[in-house]
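Protein chains: 2
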Amino acid sequence: MSQKEHLNILVGQSGGPTAVINSTLYGVIIARKRYPQITGIYGMINGLKGYLEKPAMDLLTLGYRELELLKTTPGAYLGSCRYKLPEDLSDPVYAKIFSRLEKDQIDIFLYIGGNDSMDTVDRLSRYGEMNGSPIRFIGIPKTIDNDLMNTDHTPGYGSAAKYVANTVRQIVMDADVYDLSAVTVIEIMGRNAGWLTAAAKASRKYHGDNPLLIYLPEVDFDMEDMLRRVRDLLKTHSAVVICISEGIHDADGTLICEYGHSSQMDVFGHKLLAGAGKTLENIIRDRIGVKVRSVELNVAQRCSALEASFTDVTEAAACGVKGVALAIEGQSGMMVTMHRDTEELIYSIDYRGTRVDQVSNAVKAFPKEWITGEGTDIADEFLPYLIPLIQGESYPPMEDGLPRFLYRKQSV
Amino acid sequence: MSQKEHLNILVGQSGGPTAVINSTLYGVIIARKRYPQITGIYGMINGLKGYLEKPAMDLLTLGYRELELLKTTPGAYLGSCRYKLPEDLSDPVYAKIFSRLEKDQIDIFLYIGGNDSMDTVDRLSRYGEMNGSPIRFIGIPKTIDNDLMNTDHTPGYGSAAKYVANTVRQIVMDADVYDLSAVTVIEIMGRNAGWLTAAAKASRKYHGDNPLLIYLPEVDFDMEDMLRRVRDLLKTHSAVVICISEGIHDADGTLICEYGHSSQMDVFGHKLLAGAGKTLENIIRDRIGVKVRSVELNVAQRCSALEASFTDVTEAAACGVKGVALAIEGQSGMMVTMHRDTEELIYSIDYRGTRVDQVSNAVKAFPKEWITGEGTDIADEFLPYLIPLIQGESYPPMEDGLPRFLYRKQSV
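Taken in order, these protein sequences are the chains called A and B.
Heads up: the first sequence begins at 1 in the working numbering, then just goes up one per residue.
Heads up: the second sequence begins at 1 in the working numbering, then just goes up one per residue.
Below, a list of computed lysine-lysine pairs in the DSSO-like style, where the Cα atoms sit at most 30 Å apart: (1) 84/A <-> 291/B; (2) 54/A <-> 291/B; (3) 235/A <-> 54/B; (4) 235/B <-> 409/A.
Rather than coming from a laboratory, the hints here were simulated on the basis of the structure.
Construct all of the structure, not just a fragment, from the sequences and the given hints.
Laid out in structure tokens, this is it:
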């Protein structure tokens with residue numbers, strides 16, 4: 001394939017959007033400057049599921065100014081999907097996908113996504129290999145959860161972590177204005193991994209500052225212990241702010257949000273979570289008799305381009321370029337990874353690749369050694385890991401006081 | 001008083017914080033450059049309530065760099081309170097307050113706040129007048145709700161409106177990535193006035209763009225009509241985003257949030273609202289059988305210094321200076337107001353004053369003529385009013401990827 005003169009790339013976005021998933025798409029498109037053998041770059045509309053139903057989009061029609069806007073546009077420019085390929089590779093959907101890929105003369109298939117999307121890349125590359133297909137399948141990481149294996153961190157995490165640290169900081173200052181005992185519970189995204197919630201650690205500015213308690217899903221949550229700690233803290237603090245991951249659970253594995261609500265499943269069999277913060281709010285109010293408010297940071301965590309990390313935007317774009325590079329080198333069944341050179345005094349990232357089957361459906365948990373205070377706090381050692389990832393501001397161009405973004409569906 | 005050589009100012013912050021309430025405090029402090037007869041500026045810690053219990057803070061100890069940080073620090077630097085003075089001016093608390101003011105040799109009392117704080121200024125100035133006190137009482141407006149009478153708008157509104165417009169825009173882009181029928185309900189602050197929710201209008205970027213429905217408390221909410229409209233919209237749109245004020249109510253005056261929950265009262269007899277969005281989420285899911293998510297923008301609306309409007313920050317500071325100027329002129333029982341010169345082609349504001357009793361406990365509703373679509377949309381005519389207020393970015397200085405703010409309680 002490396003000798004082939006005319007290469008066509010098909011690229012898709014999958015799973016939940018982030019502030020920088022379009023930066024990666026930007027990187028894929030500008031890779032053509034380095035690899036003139038690329039003659040076509042096409043975008044799946046609404047991921048692999050949409051590709052089976054709709055024509056792909058010619059991305060080489062985007063001009064310089066549109067590409068610059070794309071780089072700082074949140075959401076998923078191409079649209080996304082949550083679509084699970086069957087485990088059985090003899091399922092007819094595989095033949096259907098490959099027949100479409102061959103019809104479109106696709107040489108390189110790039111999929112930007114998280115664990116589930118890497119599972120898709122893994123299955124397609126195994127099917128292709130089994131059937132002697134020359135098509136290369138490469139995954140490019142994207143998740144605010146930072147829970148992919150074999151990579152220092154994931155594009156999307158830095159911007160979401162920056163948003164979390166900033167927003168928690170500002171909610172703490174808001175909570176701190178009254179001289180009355182009050183508890184604020186902030187619910188942060190993260191079903192299985194606490195990386196994003198841990199970023200709240202960076203918002204603490206002085207000794208005794210909030211958030212005073214931080215709970216991750218990596219530790220069994222003990223309701224009575226939490227209530228005891230809150231009662232104690234209220235003796236010396238008027239405002240107590242608690243940060244929790246949406247996925248915190250007790251020692252029996254019961255999710256805290258299930259204490260209050262019934263739950264539903266999504267298409268991947270994940271529980272649809274809502275309301276761990278609301279549940280704690282009600283329990284703390286009932287049991288301690290104090291004013292309690294809960295704040296769910298919600299989807300703004302993953303779509304706030306205005307508070308994105310410049311480092312994250314830049315790295316996401318570089319991951320896009322690297323995805324193209326791996327495919328051009330002839331690799332398949334791989335995911336782009338980021339390696340931090342810990343020997344360097346100045347933060348620097350080396351872009352490599354890992355086998356996608358080592359990533360798909362696995363979760364990189366937040367390290368136990370960085371969880372302190374009997375499971376209620378984060379160690380200072382986490383900060384040198386986190387702080388470089390949230391460096392620099394990435395301001396989109398503004399128009400009438402609002403950011404200017406690129407829209408696929410309609411002219412602006 | 002204008003002849004007095006040595007004037008002492010006491011300034012306090014009251015009610016809910018905003019992104020720019022400290023910009024106004026900054027304006028009060030720097031006013032000393034214009035009025036050298038000011039010899040002392042003291043800050044009430046936790047408003048009037050705190051002043052009765054705690055020593056005031058000498059604000060002239062703040063240096064240039066601290067003042068620059070104060071200007072872009074969210075929350076309430078001095079702390080705030082929710083404290084209602086008794087209607088009966090013969091209540092002993094008034095004598096207690098004036099005895100403390102005289103002991104501290106205060107000449108000018110400045111109170112930065114909303115409707116309830118203007119009520120406090122009104123009562124104190126009436127008590128002072130009745131008792132021949134020379135102390136001047138001036139209110140300086142502050143509320144994200146924009147619901148104060150006799151002023152074009154209020155400091156705090158521009159930044160909150162900018163945050164709402166930006167966040168709704170980005171949530172719309174997040175909601176738009178899937179090709180599945182789904183409804184998103186965004187709950188925006190506003191108990192009685194829809195100014196902040198109306199700002200969601202500015203986030204619409206093209207014909208047929210979301211948010212497709214906007215509901216303010218100025219219009220009786222009709223559940224069946226909303227369900228009918230959502231069903232219709234889902235025929236042509238995969239994502240339907242609805243923005244609502246927290247205070248929407250039906251024709252009987254029943255709050256929509258009460259459809260789902262019991263409610264509590266705060267100290268001013270306001271209903272403590274929570275969950276209009278959650279209530280609609282559940283009703284739409286039950287009745288239409290579609291995927292529904294609700295997002296409560298919550299306190300981030302009033303404390304997001306990172307997304308503040310430069311115009312708002314500047315005007316808030318100018319209101320602080322004007323508050324001092326009104327008092328130095330010898331006025332009392334007045335609130336600073338902003339007048340837009342509609343004859344000017346370029347947006348410009350003239351700072352004046354109005355009698356505080358015309359503001360206290362009144363609410364300036366969103367104009368009926370700007371509500372369209374049978375109560376489901378906002379007129380284009382609103383945009384020339386709004387857009388100048390959200391112009392310009394006000395980025396606080398950054399440190400380790402996070403904003404640097406000024407803290408009263410502890411050294412940074």
